[in-house]
Amino acid sequence: MKRAGFDTIWLPMALLIPQLMIIAIFFYWPAGWALQSSFFLQDPFGFGSTFVGAENYTSLLGNDQYKRVAGFTILYSVLVTFFSLAIALLLAVKADKVIKGAKTYRTLLMWVYAIAPPVAGFLGILFFDQSTGPLTKFFQMFGWDFKLGVDYNATATAMVIVAVWKQIPVNFIFFLSGLQSIPRSVREAAMIDNRSATGRFWQVTFPLLAPTAFFLLIINITYALFDTFGIIDALMKGEPGNNPMTLVYKVYLDGFRGNDLGGSSAQSVVLMALVLLLTVFQFRLVERRIHYT
Amino acid sequence: MAQVSLEGIRKVYPNGFRAVQTTSFTIQDGEFVVLVGPSGCGKSTLLRMIAGLEEITEGVLKIGDRVVNDVDPADRDIAMVFQNYALYPHMTVRKNIGYGLKNRGTPAAAIDAKVQDAARMLNLTEYLDRKPAQLSGGQRQRVAMGRAVVRDPALFLFDEPLSNLDAKLRNQMRIEIKALQRRLGTTAVYVTHDQVEAMTMADRIIVLNEGRIEQIGTPSEIYHNPASTFVASFMGAPPMNLIKAELDQQSVRINGCRDLIHAPQSFDGPVTLGIRPEDVEVDEQGLVSFHVDILEELGAHRLLHGRIANQPFSVMLGKDDAAQVGETKINLKPEALRLFDRETGLRL
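Protein chains in written order, with the working numbering: chain A, 1 to 293; chain B, 1 to 348.
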């Protein structure tokens with residue numbers, strides 16, 4: 001392989017600086033501040049702060065509400081990740097087989113991608129409206145008195161549905177391009193070797209999609225944990241009350257609504273640690289089993 | 001093992017492109033048939049229809065006594081070797097070879113034994129636990145072969161299996177494939193655009209052009225008695241010389257030159273005259289003037305490229321025959337002359 005190089009070290013460093021600055025200013029600096037302020041108890045009106053050591057952390061451990069939110073966050077991330085990946089994969093497999101009008105079909109499926117999360121949340125509100133929402137009526141048909149923003153399970157269901165709906169196009173695009181990069185002859189060889197289309201999918205196509213799926217798994221967990229903030233905020237209509245929420249939303253709520261900056265910082269540090277662990281776990285355990293061509 | 005018969009097979013793609021025009025032929029049990037032709041001639045489509053990877057627009061396809069038009073590829077008792085090998089990249093060589101058996105419900109012990117046998121036959125034993133990415137091109141080719149032979153199918157289908165290999169390996173694999181097919185006695189259909197492969201491997205060659213069969217015959221028939229100017233120019237390297245000439249009874253006139261040669265058959269009017277480059281002698285007393293432009297030294301023989309009456313012409317000489325660039329005289333062996341209709345290109 002040919003290796004290109006720079007004559008001096010200054011040019012590559014200068015080229016790296018903008019990126020490094022962005023990371024430093026928008027990530028490391030706030031993260032450092034969060035870490036620092038997680039050891040303090042701030043005055044709600046901004047008149048100084050007191051060092052309390054690990055008290056912000058220990059009080060989290062004893063907090064039932066925090067545990068409940070953590071439990072919901074895990075369930076929520078699992079559901080959103082699973083359904084958005086599964087449905088997108090199904091759509092991609094089907095779209096891959098479409099011959100006539102394939103482009104139109106794919107474009108229509110990708111459109112949702114362009115919708116911003118808060119807008120998706122508001123669309124969700126329309127769908128789940130108490131009196132006119134079609135999905136509310138749909139659930140009522142099955143005898144479920146669906147009350148968005150009032151009933152815990154109803155709000156949770158709406159959050160999952162909207163988040164999944166919003167994420168499907170991204171997954172769809174990646175899965176489709178993944179499918180199309182599998183050589184046609186490999187699939188044809190499988191057709192001769194295996195009569196069962198389902199068997200072929202799980203034994204040949206899916207393993208070859210695994211790198212794509214693994215990448216999407218990380219993207220989707222991150223999405224469910226963090227990027228669904230706008231959707232949750234919109235669906236909750238600003239009234240957290242009895243409603244479900246994710247850990248990220250609780251960080252915002254405690255910090256900016258409850259003015260408990262120290263507790264909120266401690267929560268975000270816990271989140272950072274969680275993400276770090278998750279990433280290490282994924283790369284160590286999952287990636288090793290995946291074949292990259 | 002089986003006989004394969006195509007009865008009035010035709011392929012029209014949804015966009016209206018006629019890939020294969022109505023075609024009928026029968027491949028005998030144990031025969032090695034090569035489909036050869038330029039790209040786009042329909043040879044791969046024909047093979048893929050036999051494999052079941054392409055739908056048959058019209059006609060009846062039989063493998064053995066069974067009509068297989070609507071039979072799933074997996075149930076046709078065929079094995080196919082693809083141009084890019086189409087190995088499963090995530091499976092080891094062992095699993096690649098055994099995959100088809102496993103899906104047919106063969107017991108694990110039997111699969112293992114058969115895979116071992118196939119691997120021994122193809123010198124792959126030490127690579128069984130490697131993945132395709134860790135193999136060279138020639139080894140991948142062998143794995144693809146192993147995947148085909150291990151199932152002991154009624155029919156082998158080869159879709160240009162050697163075209164991704166370098167020239168030396170290609171020559172070697174050509175012989176190996178042929179020997180393997182001989183040993184197993186399995187009927188084989190082999191698609192290639194390389195006329196050397198066709199000539200060396202086939203029991204019978206089917207020459208295709210624009211979705212039609214130009215000629216079916218043994219390599220020697222195809223070479224010596226081409227049915228059309230297309231076959232004459234496609235088969236053989238260098239190809240048969242084709243020259244415009246006039247025929248008056250049996251005397252041939254090239255570009256209005258004197259009556260020079262006697263044709264083996266009688267005809268009046270314009271013809272295309274064909275002669276293989278090796279059927280020409282350089283002779284000081286020769287009847288035809290030949291202007292040599294380029295001399296190609298090939299070791300075993302020499303090629304002279306030049307012109308007869310301003311039409312391109314090649315002559316092949318033995319390595320000991322003297323030759324030089326410039327004006328010379330040649331003789332065409334009368335018994336080697338082939339006459340074609342100027343309009344249709346068909347043999348007269």
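Keep in mind the hints are simulated off the structure, nothing from the lab.
Each hint should be verified, as a subset may be incorrect.
With the Cβ distance kept under 7 Å, some of the chain A side facing chain B (calculated, not the full set) [unchecked claim]:
#, residue
1, I182
2, S185
3, R195
4, V204
Below are the SDA-like pairs computed for lysine to any residue, each with C-alpha atoms no more than 20 Å apart in a straight line [claimed, not checked]:
#, chain 1, residue 1, chain 2, residue 2
5, B, K131, A, A102
6, A, K97, B, D72
7, B, K95, A, Q203
8, B, K95, A, S185
9, A, K103, B, E54
10, B, K131, A, S185
11, B, K102, A, L90
12, A, K97, B, K102
13, B, K95, A, R200
14, B, K131, A, L90
15, B, K95, A, F47
16, A, K100, B, G16
17, B, K102, A, F206
18, A, K137, B, K102
19, A, K100, A, A114
20, B, K131, A, W202
21, B, K95, A, K97
22, B, K102, A, F201
23, B, K95, A, I182
24, B, K95, A, L90
Pair by pair, the computed Cβ-Cβ distance ranges are [stated by the list, open to error]:
#, chain 1, residue 1, chain 2, residue 2, range
25, A, F6, B, G326, 56 to 62 Å
26, B, A133, A, P12, 38 to 44 Å
27, A, P134, B, G8, 33 to 39 Å
28, A, K100, B, N164, 17 to 23 Å
29, B, Q28, A, L108, 51 to 57 Å
30, A, Q180, B, E296, 32 to 38 Å
31, B, Q28, A, P211, 54 to 60 Å
32, A, I23, B, D129, 40 to 46 Å
33, B, A167, A, A102, 27 to 33 Å
34, B, L169, A, T104, 53 to 59 Å
Even for Gly, the Cβ is constructed at its ideal location relative to N, Cα and C.
Those earlier numbered hints the structure runs against, lowest number first: 1, 5, 9, 11, 12, 14, 15, 18, 19, 21, 24, 26, 27, 28, 30, 31, 33 and 34
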